[in-house]
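Student: The residues making up each chain are set out below.
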Amino acid sequence: SQTIHQWPATLVQPVGSPLSLECTVEGTSNPNLYWYRQAAGRGLQLLFYSVGIGQISSEVPQNLSASRPQDRQFILSSKKLLLSDSGFYLCAWSVQRNTGELFFGEGSRLTVL
Amino acid sequence: AQSVTQLGSHVSVSEGALVLLRCNYSSSVPPYLFWYVQYPNQGLQLLLKYTSAATLVKGINGFEAEFKKSETSFHLTKPSAHMSDAAEYFCAVSDSNRDDKIIFGKGTRLHILP
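Going down the list, the sequences are from chains A and B.
All residue numbers for the first sequence refer to the working numbering, where the first residue is 1 and numbers rise by one.
All residue numbers for the second sequence refer to the working numbering, where the first residue is 1 and numbers rise by one.
If you're looking for bench data, these hints aren't it; they were derived computationally from the structure.
This structure is a prediction, so every number in the text was calculated from the model and none was measured.
We treat Cβ as the ideally placed atom computed from N, Cα and C, and that holds for glycine.
Some hints here could point you the wrong way.
[Said to hold, decoys possible] Computed, partial: chain A to chain B, Cβ under 8 Å:
| id | residue |
| --- | --- |
| 1 | 7 |
| 2 | 42 |
| 3 | 43 |
| 4 | 44 |
| 5 | 46 |
| 6 | 105 |
| 7 | 106 |
[Said to hold, decoys possible] Label pairs and their in silico Cβ distance ranges:
| id | chain 1 | residue 1 | chain 2 | residue 2 | range |
| --- | --- | --- | --- | --- | --- |
| 8 | B | 66 | A | 57 | 13 to 21 Å |
| 9 | B | 83 | A | 3 | 41 to 49 Å |
| 10 | B | 84 | A | 113 | 34 to 42 Å |
| 11 | B | 12 | A | 60 | 27 to 35 Å |
[Said to hold, decoys possible] Simulated coverage check for chain B against chain A, where a stretch passes if three residues somewhere in it have a Cβ under 8 Å from a Cβ of chain A:
| id | stretch |
| --- | --- |
| 12 | 61-71 |
| 13 | 102-111 |
In isolation and in its complexed conformation, chain B is listed as follows (with noise of 0.2 Å):
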């Protein structure tokens, strides 16, 4: 079964700092992973995806993820922080076998500090 552990329900950078976002996941098979971020009372918006391609994956708004799979790991950063970035990050797993199911971590908040 696969699943997604993402460390820290919260995080706080301060504004131009560096972010870092932190996800480790758990697949048998060839994962697909994702980042989704979410704003308040909306729905999630698609921030990035790996799909075996490159291990370097460069989303929306500047943010990157890398995957690692020695470490088992797909962390997010973005080099400067927004107060714009304050919102919701959610983690996803999907099997490449099997398309059906996607599983989310349980989020990080992501609070920016003036």
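So here's chain A without its partners, still in its complex pose (with noise of 0.2 Å):
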């Protein structure tokens, strides 16, 4: 079966340092791969995703990247966090081809200080 794993699931970080959140896959190959950012009051906002290795769709202007170095992995990264990067962030991975059904990870909180 499918399993998706993300980490750290909790962190804080001061302004100005950098960060990094990884996500993997297991039992899949070539899934699509989603990082969504979740902000009080503010829904869910899809941040990137990934049709394949090295191939990133960016879909909000931000200081914020990914990266998907590997068929199953999904990094987000910043060099220099905002006060304003707080929030709980989410990978989602997707078949290919599919009817849009989301496979959530459990997330991971980002507190910038």
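Both chains come to you apart, so use the hints to assemble them.
Tutor: So this is what it looks like as structure tokens:
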């Protein structure tokens, strides 16, 4: 069966520090991968999605970036965090040529102080 | 471009009462539509989905939703609310011609009153 792992679960970082959130999927190959951010009162915002290794689409201009170094690995990064980067970050995957059903990780809660 | 609007960021219903969570969508092509549920500090899980088959879709936990093209709506209902239904609910849309992008609404938090 397929599983998705996301870490760390909780992170407290100072403003200006770097960020790396990692997500891996097991039990499937060539998945679509997604990073969403959930901020209080703002719903679920699509940040990045990827349909293959090295293929990243960005939905929102910001100081975050994403990379997909391996088929089932998706990394969210920042060189310098802002206060506004605080939120709940969710990684998700779907099968290729799917009907849109997403499978979510447990989330990473980032607090920037 | 596709979009989803959920009316009401918070909805309160009494235990045993009808649950109605509203969702309207905008899409230039036939959409796929979804409802997801999120319990506190967890990821989202799929409740139900519409993919151009039957317009009345039944999901898990007694929820169902009806696709109404004329109203561009996909409202979520449950005949009788249970305390365990308290959660945040998200409506989402994807383009049936392009399966790599799923857009979510802002969510509706459902409160169940005893």
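Student: Going through the earlier hints one by one, which of them does the structure break, listed in rising order?
Tutor: Result: hints 1, 8, 9, 12 break, sorted rising.
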